[in-house]
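A.B. asks: What follows is each chain in one-letter form.
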Amino acid sequence: MTPSHDVVLVGGGGAGLRAAIAIAETNPRLSIAVVSKVYPMRSHTVSAEGGSAGAIGADDSTDEHAYDTISGGDWLCDQDAVEAFVTEAPEELLRLERWGCPWNREADGRIAVRPFGGMKKKRTWFAADKTGFHMLHTLFQTSLKYASVVRYDEWFVTRLLVDDGRVQGVVAIDLQSGKIEAITARSVILCTGGCGKIFPFTTNASIKSGDGMALAYRAGAPLKDMEFLQYHPTGLPFTGILITEAARSEGGYLINKDGYRYLQDYALGTPQKEPVLRTMELGPRDRLSQAFMKELEKGRTIETPYGHVVHLDLRHLGEKKIDAKIPFVRELCRKYQNLDPVKDLIPVRPVLHYMMGGVHTDIDGATPLAGLYAAGEVACVSINGANRLGSNSLTELLVFGARAGKAAAEHASRNLEISQSVLGQARDEHRRIEQELLNKKGSERIADLREEMQKTMEESAGIYRTGASLMKAVDRLRSVQERYANVAIEDRSKAFNTERVSALELSNMLGVAETIVMSALRREESRGAHQRTDFPKRDDKRFLGHSLVHRNPDGSARVEYLPVTITRWPPAERIYGEAAPHGGSNKAPGSSLPS
Amino acid sequence: MADRIKLQVARYRPEREAEATFDEYEVPCPKDWVVLDGLNHVKDRIDGTLAYRWSCRMGVCGSCGMMVNGEPKLTCATFLADYAPGPIRVEPLRNFPVVRDLIVDIGDFMRKLVTVRPWIVREEEKPLSAGEYLQTPEQMDDYKQYSMCINCMLCYAACPVYGLDPLFIGPAAIALAQRYNLDSRDEGAAERHRVLSEHEGIWGCTFVGECTRVCPKHVDPAGAIQRYKLTAAVETVKAFFMPRGA
Chain R
1 MTPSHDVVLV GGGGAGLRAA IAIAETNPRL SIAVVSKVYP MRSHTVSAEG GSAGAIGADD
61 STDEHAYDTI SGGDWLCDQD AVEAFVTEAP EELLRLERWG CPWNREADGR IAVRPFGGMK
121 KKRTWFAADK TGFHMLHTLF QTSLKYASVV RYDEWFVTRL LVDDGRVQGV VAIDLQSGKI
181 EAITARSVIL CTGGCGKIFP FTTNASIKSG DGMALAYRAG APLKDMEFLQ YHPTGLPFTG
241 ILITEAARSE GGYLINKDGY RYLQDYALGT PQKEPVLRTM ELGPRDRLSQ AFMKELEKGR
301 TIETPYGHVV HLDLRHLGEK KIDAKIPFVR ELCRKYQNLD PVKDLIPVRP VLHYMMGGVH
361 TDIDGATPLA GLYAAGEVAC VSINGANRLG SNSLTELLVF GARAGKAAAE HASRNLEISQ
421 SVLGQARDEH RRIEQELLNK KGSERIADLR EEMQKTMEES AGIYRTGASL MKAVDRLRSV
481 QERYANVAIE DRSKAFNTER VSALELSNML GVAETIVMSA LRREESRGAH QRTDFPKRDD
541 KRFLGHSLVH RNPDGSARVE YLPVTITRWP PAERIYGEAA PHGGSNKAPG SSLPS
Chain G
1 MADRIKLQVA RYRPEREAEA TFDEYEVPCP KDWVVLDGLN HVKDRIDGTL AYRWSCRMGV
61 CGSCGMMVNG EPKLTCATFL ADYAPGPIRV EPLRNFPVVR DLIVDIGDFM RKLVTVRPWI
121 VREEEKPLSA GEYLQTPEQM DDYKQYSMCI NCMLCYAACP VYGLDPLFIG PAAIALAQRY
181 NLDSRDEGAA ERHRVLSEHE GIWGCTFVGE CTRVCPKHVD PAGAIQRYKL TAAVETVKAF
241 FMPRGA
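Residue numbers (the numbering used here), protein chains in the order written: chain R, 1 to 595; chain G, 1 to 246.
Heads up, a few of these hints could be off.
For lysine-lysine, the following DSSO-like pairs were computed, each having C-alpha atoms within a straight-line distance of at most 27 Å [said to hold, decoys possible]:
no., chain 1, residue 1, chain 2, residue 2
1, G, LYS217, R, LYS335
2, G, LYS144, R, LYS335
3, R, LYS455, R, LYS472
4, G, LYS144, R, LYS325
5, R, LYS273, R, LYS257
6, R, LYS145, G, LYS126
7, R, LYS257, G, LYS31
8, G, LYS6, G, LYS31
9, R, LYS145, G, LYS144
10, G, LYS126, R, LYS406
11, R, LYS122, G, LYS144
12, R, LYS179, R, LYS441
13, G, LYS31, R, LYS455
14, G, LYS217, R, LYS325
15, R, LYS320, R, LYS273
16, G, LYS31, R, LYS335
Pulled a few chain R residues facing chain G out of the computed Cβ check, cut under 10 Å [unchecked claim]:
no., residue
17, ARG105
18, PRO305
19, GLU490
The hints are simulated quantities; they were obtained by calculation from the structure and are not laboratory data.
This one's a predicted model, so the numbers in the text were calculated from it and none came from an experiment.
Positions of the beta carbon are idealized from the N, C-alpha and C atoms, including for glycine.
Working from the sequences, and respecting the hints, build out all of it.
C.D. replies: If you want it as structure tokens, here you go:
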């Protein structure tokens, strides 16, 4: 018998678990399935270090949080979504406190907040430097008390079932046994996270292959703002391990091969001994990553076996402060890089960190495809615009995980029948997976194709892009796509066939990579994390809008534009390094978007 | 230092063989490669059929625990060079049923975890508008260590009691129960006491301390167990004099 639930969640990280709890609390009669390719507590939320933003300080306000988010996002955020986000952020974080999250405290027992890059006020809630880990385990352990939540641990979803214009379930492989099954549902929420593994240097875990984006796109839901990918300026080479922004907000310096704090050359303020919010090392991530590329061009970086780096210098902070404030940073350096930041410089380079774009949703996590919802990094609401501010993403998965959960619960409470035809679709999918991936003799190694894709994306669609580099990427990706048809899968076993999963993940990544390149090609301006050297200026007249990439029936991509929602903060210039104005000009946007 | 090292990797494909065999692979051994990097090299370059779990490669997701030369280890935090000149024997975690190659079935732990009610239990909840429950840094220190468990299962692989008695609830589950028992916001200790004080619970542990020794996150499950035994003894005496419902 086909397993059936009211709501299926694909992915069991922060957004998925928050959504599951929201559904269970909204309507306890609904049956909820959490279908995840890894055990929920292995999800990538676990790796987030720095913290989660929510305005609670006496000197802070939700308006200021909104302004920092919108200006940081280079005015591509939907301001109604941002207003909902900043308003609900503190209560969501507080709810997590109720569930046991060990937020750092002041001496008197109140929640402590700290400063973070791009935020003008202290508003980042944190749990030492393992914030994501504590949030995920708190959510996971809390989810265990709801009997209506059924887990499908280590099931890999390969397809969404769509009939009659609405999503009605998924097809998934139970990895342990290898069996392929349909799981039907009236609502499906995608919570699969990002797609960092499309790039060679990334902080993302090996499981981040854009699965949910690919599932939605193939099912006919558009992806939004896919050209906006955030590099984190300070990752360790080779492993891509992230050295949290907290290392800089505690006073770390970025220096080039001459020991010079080079950020002062890129309109990010003048170097001070103590960290100053929104200047120098606490400037926004995109500007710091771009400054690295300029230093590389000038020949002022340091060459290592894993490519060029600059140095993050924490030595002046001293052992006591490092151990008290950022012990995880020291632990990571010692365990994975064999160096000690108390006395050694840390080699860092920009690494792909976060996808601002994703499955197009409204403010309740609903996609244009009935019954399909998305929340967290897989989704694009959009509150992140052209560049996400540090510590907004953990809050986002709470606020929009809860919103999507409630909306999906409401949808699933309606009396919708599951069509018989989706079971036929499931049988087709079963056949496809067996034929394409179990009984096939190809000659192309998965790793070779993956590396070629990653190299293509880094070289042609990385921190800086041009029309020419992106055109080249289109061709190179197409050639990888053709070679994929001949992929080699030596593993014939059904039990835990990880090679088959790798092939499916690669296919997902190739699909998502194409949408990134097509969206980047179309946007002939530079905004936030999308930097076109052939169009170096922001162009609000033509491009103050969201790109929406649709899949045509023949498989090709079609890019359209959607206006940005502006409520109270008209577009202004992003200024860092000195006091940025609140609001800017009052001129109406008056944009004419490309059709 | 040798620039290559041999890995002897346990292989088990339930459809093909009745018991595990070993395959040998030679992999590069630069100073910053961990055992997991060696396995990834095998999978990408030599033998795509090798099956194992991994994700974050930074010691926090808890996926990549394996036996390395007989010791339970997170393979992302175990340098190849520390075992030079090799060979290095890589096997699935001990004390668990093997699903395939280096992948074990942890379903038993997942079921036991739920029984200790690892969530905040309260009679009454004050509304969110009333703000946070105050908790001083000192109060947090009471349980913080036990909240660091990443569920990597190294302690179960190391635990001689679990190896002999699969009904034993085990180190991580007990540490997580204590994580909530010692949280100033929690009122669920009595409920957890019923599970933990059963024979297979707390009394199963003979304080060998292997769990604490292998824990990559310094959770000290053995300490949690000893501390709870003391509490449990007091609770049991109290229950004798003050029966429930009295």
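A.B. asks: Next step is simple, just say for each hint if it's right about the structure.
C.D. replies: Against the structure, the hints:
no.: 1; hint: G:LYS217 to R:LYS335; result: 12 Å, holds
no.: 2; hint: G:LYS144 to R:LYS335; result: 22 Å, holds
no.: 3; hint: R:LYS455 to R:LYS472; result: 12 Å, holds
no.: 4; hint: G:LYS144 to R:LYS325; result: 16 Å, holds
no.: 5; hint: R:LYS273 to R:LYS257; result: 20 Å, holds
no.: 6; hint: R:LYS145 to G:LYS126; result: 19 Å, holds
no.: 7; hint: R:LYS257 to G:LYS31; result: 23 Å, holds
no.: 8; hint: G:LYS6 to G:LYS31; result: 15 Å, holds
no.: 9; hint: R:LYS145 to G:LYS144; result: 21 Å, holds
no.: 10; hint: G:LYS126 to R:LYS406; result: 22 Å, holds
no.: 11; hint: R:LYS122 to G:LYS144; result: 24 Å, holds
no.: 12; hint: R:LYS179 to R:LYS441; result: 21 Å, holds
no.: 13; hint: G:LYS31 to R:LYS455; result: 25 Å, holds
no.: 14; hint: G:LYS217 to R:LYS325; result: 18 Å, holds
no.: 15; hint: R:LYS320 to R:LYS273; result: 18 Å, holds
no.: 16; hint: G:LYS31 to R:LYS335; result: 12 Å, holds
no.: 17; hint: ARG105; result: 5 Å, holds
no.: 18; hint: PRO305; result: 8 Å, holds
no.: 19; hint: GLU490; result: 5 Å, holds
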